[in-house]
Amino acid sequence: VCMTNCPTLIVMVGLPARGKTYISKKLTRYLNWIGVPTKEFNVGQYRRDLVKKYKSFEFFLPDNEEGLKIRKQCALAALNDVRQYLSEENGHVAVFDATNTTRERRETIYKFCEENGYKTFFVESVCVDPEVIAANIVQVKLGSPDYVDCSNDEATEDFMKRIECYKNSYETLDETLDKDLSYIKIMDVGRSYLVNRVMDHIQSRIVYYLMNIHVTPRSIYLCRHGESELNLKGRIGGDPGLSVRGKEFAKSLAQFINEQNIKDLKVWTSQMKRTIQTAEALGVPYEQWKVLNEIDAGVCEEMTYEEIQENYPLEFALRDQDKYRYRYPKGESYEDLVQRLEPVIMELERQENVLVICHQAVMRCLLAYFLDKPAEQLPYLKCPLHTVLKLTPVAYG
Amino acid sequence: ACGPQLTNSPTVIVMVGLPARGKTYISKKLTRYLNWIGVPTKVFNVGEYRREAVKHYSSYDFFRPDNEEAMKVRRQCALAALRDVKLYLTEEAGQIAVFDATNTTRERRGMILNFAKENGFKVFFIESVCNDPTVVATNVMEVKLSSPDYRDCNSTDAMEDFMKRINCYQASYQPLDPDNYDRELSLIKVIDVGRRFLVNRVQDHIQSRIVYYLMNIHVQPRTIYLCRHGESEFNLKGKIGGDSGLSNRGKKFALALNKFVEEQNLKDLKVWTSQLKRTIQTAEALQLSYEQWKALNEIDAGVCEEMTYEEIREQHPEEFALRDQDKYYYRYPSGESYQDLVQRLEPVIMELERQENVLVICHQAVMRCLLAYFLDKSADEMPYLKCPLHTVLKLTPVAYGCRVESISLNIEAVNTHRERPDEAKKGPNPLMRRNSVTPLASPEPTKKPRINSFEEHVAVSSALPGCVPQEVPTQLPGQ
Chain A
1 VCMTNCPTLI
11 VMVGLPARGK
21 TYISKKLTRY
31 LNWIGVPTKE
41 FNVGQYRRDL
51 VKKYKSFEFF
61 LPDNEEGLKI
71 RKQCALAALN
81 DVRQYLSEEN
91 GHVAVFDATN
101 TTRERRETIY
111 KFCEENGYKT
121 FFVESVCVDP
131 EVIAANIVQV
141 KLGSPDYVDC
151 SNDEATEDFM
161 KRIECYKNSY
171 ETLDETLDKD
181 LSYIKIMDVG
191 RSYLVNRVMD
201 HIQSRIVYYL
211 MNIHVTPRSI
221 YLCRHGESEL
231 NLKGRIGGDP
241 GLSVRGKEFA
251 KSLAQFINEQ
261 NIKDLKVWTS
271 QMKRTIQTAE
281 ALGVPYEQWK
291 VLNEIDAGVC
301 EEMTYEEIQE
311 NYPLEFALRD
321 QDKYRYRYPK
331 GESYEDLVQR
341 LEPVIMELER
351 QENVLVICHQ
361 AVMRCLLAYF
371 LDKPAEQLPY
381 LKCPLHTVLK
391 LTPVAYG
Chain B
1 ACGPQLTNSP
11 TVIVMVGLPA
21 RGKTYISKKL
31 TRYLNWIGVP
41 TKVFNVGEYR
51 REAVKHYSSY
61 DFFRPDNEEA
71 MKVRRQCALA
81 ALRDVKLYLT
91 EEAGQIAVFD
101 ATNTTRERRG
111 MILNFAKENG
121 FKVFFIESVC
131 NDPTVVATNV
141 MEVKLSSPDY
151 RDCNSTDAME
161 DFMKRINCYQ
171 ASYQPLDPDN
181 YDRELSLIKV
191 IDVGRRFLVN
201 RVQDHIQSRI
211 VYYLMNIHVQ
221 PRTIYLCRHG
231 ESEFNLKGKI
241 GGDSGLSNRG
251 KKFALALNKF
261 VEEQNLKDLK
271 VWTSQLKRTI
281 QTAEALQLSY
291 EQWKALNEID
301 AGVCEEMTYE
311 EIREQHPEEF
321 ALRDQDKYYY
331 RYPSGESYQD
341 LVQRLEPVIM
351 ELERQENVLV
361 ICHQAVMRCL
371 LAYFLDKSAD
381 EMPYLKCPLH
391 TVLKLTPVAY
401 GCRVESISLN
411 IEAVNTHRER
421 PDEAKKGPNP
431 LMRRNSVTPL
441 ASPEPTKKPR
451 INSFEEHVAV
461 SSALPGCVPQ
471 EVPTQLPGQ
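Sequences listed follow chains A and B, in order. Counting in the UniProt record's numbering, the first sequence runs from 1 upward without gaps. Counting in the UniProt record's numbering, the second sequence runs from 1 upward without gaps.
Rather than coming from a laboratory, the hints here were simulated on the basis of the structure. Since the model is a prediction, treat every value here as computed from it, not as a measurement. Don't take every hint at face value.
Some chain A residues well away from chain B (every beta-carbon gap over 12 Å; in silico) [to be verified]:
| hint | residue |
| --- | --- |
| 1 | Arg29 |
| 2 | Tyr166 |
| 3 | Lys233 |
| 4 | Lys290 |
Quick list of in silico lysine-lysine cross-link-like pairs, BS3-like style, CA-CA up to 27 Å [claimed, not checked]:
| hint | chain 1 | residue 1 | chain 2 | residue 2 |
| --- | --- | --- | --- | --- |
| 5 | A | Lys330 | B | Lys237 |
| 6 | B | Lys237 | A | Lys263 |
| 7 | B | Lys122 | A | Lys323 |
| 8 | B | Lys277 | A | Lys330 |
| 9 | B | Lys267 | A | Lys119 |
| 10 | A | Lys290 | B | Lys237 |
| 11 | B | Lys277 | A | Lys323 |
| 12 | A | Lys266 | B | Lys122 |
| 13 | B | Lys294 | A | Lys330 |
| 14 | B | Lys270 | A | Lys119 |
| 15 | B | Lys294 | A | Lys373 |
| 16 | A | Lys266 | B | Lys117 |
| 17 | A | Lys330 | B | Lys239 |
All residues carry an ideal CB built from backbone N, CA and C; glycine is no exception.
In isolation and in its complexed conformation, chain A is listed as follows (with noise of 0.2 Å):
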């Protein structure tokens, strides 16, 4: 379904430090996930681009007007950029991210939207935590190229007084003034929002998704059922129990689990018998989702490769040619996996620990969301049995 018809532009307001760059990115994986070109425009790295080497937070001062020019001038160089993205190069939607915080610099972009056709949408975040705050400090800006050759306390305390640098001048989204505005204000990394004139199912779509995510540490650990009878035979797809080694896999997976000592670990499986019997062997309750079924191969199911070739040899010959897009008949594609496992994301993305027993292809998909990795390599990660990937989020990743 063509779910917008004019591009949007996704414009970022807040002071450093308040997870603009986080939201971006993670904002953007999950749209090109769900299918919508989107691509994020970094303002402060067009100013790094520019000014090959950052001394001090004086840059930032107010007054110094060489500073402010530069950084216009980046600024206008970045909405060239998203002028080409979204007019030339078929993308969606653009991601702004810059701070944005005064109401004169967020009239340009407004303008320059309305000249060119795209619609605007601003989220800003808001946070006044000073813990929260820190926290963002030592885990993204310490490591930025700004402060390479600075020791920590440095980088601290310079960054602290680059954060003053943006207060004085600081307009926040006002409910009188910005009225006619479409935006959604973020207020303590989702304790509660503000949401005003969401005006078409693209916006609606930011607002669940921004509603849905949190920073709380937390990590999910996927797998694959235990070794089936039918993997022993190789053959694909089926509703096999596991194999003995399968059942071996079971109760080390247990073992796992236990020494990894996970406080409240949700465990969830599909409904096929195999990711069941596996979760069975952990003596703990697990919930199973419908929609993590492995792909369903059709025509091809319980057959071997070798049989497919010979059956369906022009079957097999498309599906190499285009493993992503290639949907055995009567059955699916990785690209009907992806739909379908959309649900799954956004619960993951609610939750906290949670140990996710799947399959290949399933597990293939929900790799390269977390992973970022493009429709093309999707179908050919790595997923072998009875090996646990491990994801914890840090920084941007």
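Given chain A, work out where chain B should sit, using these hints.
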């Protein structure tokens, strides 16, 4: 729509707002949606309890803040409704109860929060704030003037009385304050019919779904047209499924549909089809741009695709029988069930909520699904809803529901409808899957007055202020 069966504690959704702010509209629509995605939900409208307890409404005086007797009555009604909420959530397998009343004071909300805490229920507040007098007036006309309260009045008197009623609440109205007093509560404030939303502390998946739903619905007048593709070549042969083109009569229908659409004279009609030839060919006759949704494709009949019902009965007799036993859950081998359809149609339904005028050209099973959603039908009825070829169903939202007009375009076509067979045994369900999603129809509101001991104390005839009630218990027996 397909989340795992999470063992969440039940939730009480508490509506907040002055009269005529759309609380009941939201309550009913939300309840419909939640039941549709398989979450047992029920509305408890305190006004209805009051109408049962106080048989005759005389005037707005009942709602005056200094009317002590009436205040007691109203509190009793709220307690009675809460008692039914508790019953529904703890003994009747309910998951969500929507407590539909003004709940405009902190004191009242505090009482509800205590009630929920005692019983281990989560609480989610939905406040509707609207100061646009046009909107309020329209609401009053749409739903209040025809209320049982005003059955003996003319419109002008009713309107005047209702406005005075609203005033009675205004002085004591304490809106939700998520920045300070109410910062720990989970809530959404809907401002000016959805122009703006304030969301605080969403606790779980279902609350985030509720917020998402509320942000997608609107109250703009609009019409949804549902119809099937024109008669297809396969229809003529009695074959199901497949991807055949239109028959001659089907082509005539497409032309008639074009004329019909022109006559409707709509501004901005969106047209949606599936990705199967027969709907696309039908849309082509319209000379309007249209969008193709894969999700609107007909139910996949798996191994039975392109067979006639006789062939299915011959070649797959057990399947044929199973399907009649439980047509909703039955899944064709290598195909789909109505239940699967409900899953895949959820994004279509959400988008239909967002849109204004839309014409959906689809297929029999798909149309039955969409219809069941808008007309609040249960899973059991869905596979037997009548959706004949060459007939357009025009759905117009009115008050708290949907008006449906059936318009036949008078082009002959075969009849593809199979009635529910009488001989089908309704035994224990062999086809129900664990963690399955079953759309429920919204349950009937609890009409019975629960204030049994109370009835004896209330004077039935004249306006309440004039009568001195005997001792009215503040606690219901058994609470």
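A quick look at each hint next to the structure:
For Arg29 of chain A, the requirement that its beta carbon stay farther than 12 Å from each beta carbon of chain B is met, with the minimum near 19 Å. Distance to chain B confirms Tyr166 of chain A as a non-interface residue, since its nearest Cβ pair spans about 23 Å, more than 12 Å. Every C-beta of chain B lies more than 12 Å from that of Lys233 of chain A, the closest at about 21 Å, which supports listing it as non-interface. The claim that Lys290 of chain A lies off the interface is violated: its Cβ sits roughly 6 Å from the closest Cβ of chain B, which falls inside the 12 Å cut-off.
Restraint check for Lys330 of chain A and Lys237 of chain B: satisfied, since their Cα atoms lie roughly 23 Å apart, inside the 27 Å limit. With a CA separation close to 61 Å, the supplied pair Lys237 of chain B and Lys263 of chain A exceeds the 27 Å bound. Pair hint Lys122 of chain B plus Lys323 of chain A does not hold up; C-alpha atoms about 46 Å apart against a cutoff of 27 Å. At most 27 Å may separate the alpha-carbon atoms for a hinted pair to count; Lys277 of chain B and Lys330 of chain A meet this at roughly 18 Å.
Distance restraint check for Lys267 of chain B and Lys119 of chain A: the Cα-Cα separation of roughly 22 Å lies within the 27 Å cut-off, and the hinted pair is therefore satisfied. For the proposed pair Lys290 of chain A and Lys237 of chain B, the alpha carbon gap of about 36 Å is over 27 Å, so the pair is violated. A distance of roughly 26 Å separates the Cα atoms of Lys277 of chain B and Lys323 of chain A; the hinted pair therefore holds under the 27 Å criterion. Straight-line distance between C-alpha atoms of Lys266 of chain A and Lys122 of chain B comes to about 21 Å, which keeps the hinted pair within the 27 Å bound.
Only pairs whose Cα atoms come within 27 Å are accepted, and Lys294 of chain B paired with Lys330 of chain A is accepted, the gap being roughly 15 Å. Proposed proximity of Lys270 of chain B and Lys119 of chain A is supported: the alpha carbons are some 20 Å apart, at most 27 Å. A hinted pair counts as satisfied when its Cα atoms are at most 27 Å apart, and Lys294 of chain B with Lys373 of chain A qualifies at roughly 25 Å. Taking the CA atoms of Lys266 of chain A and Lys117 of chain B, the gap is about 25 Å. The hint holds against a cut of 27 Å.
This hinted pair checks out: Lys330 of chain A and Lys239 of chain B have alpha carbons roughly 18 Å apart, not beyond 27 Å.
When held up to the earlier numbered hints, the structure conflicts with 4, 6, 7 and 10 and fits the remainder.
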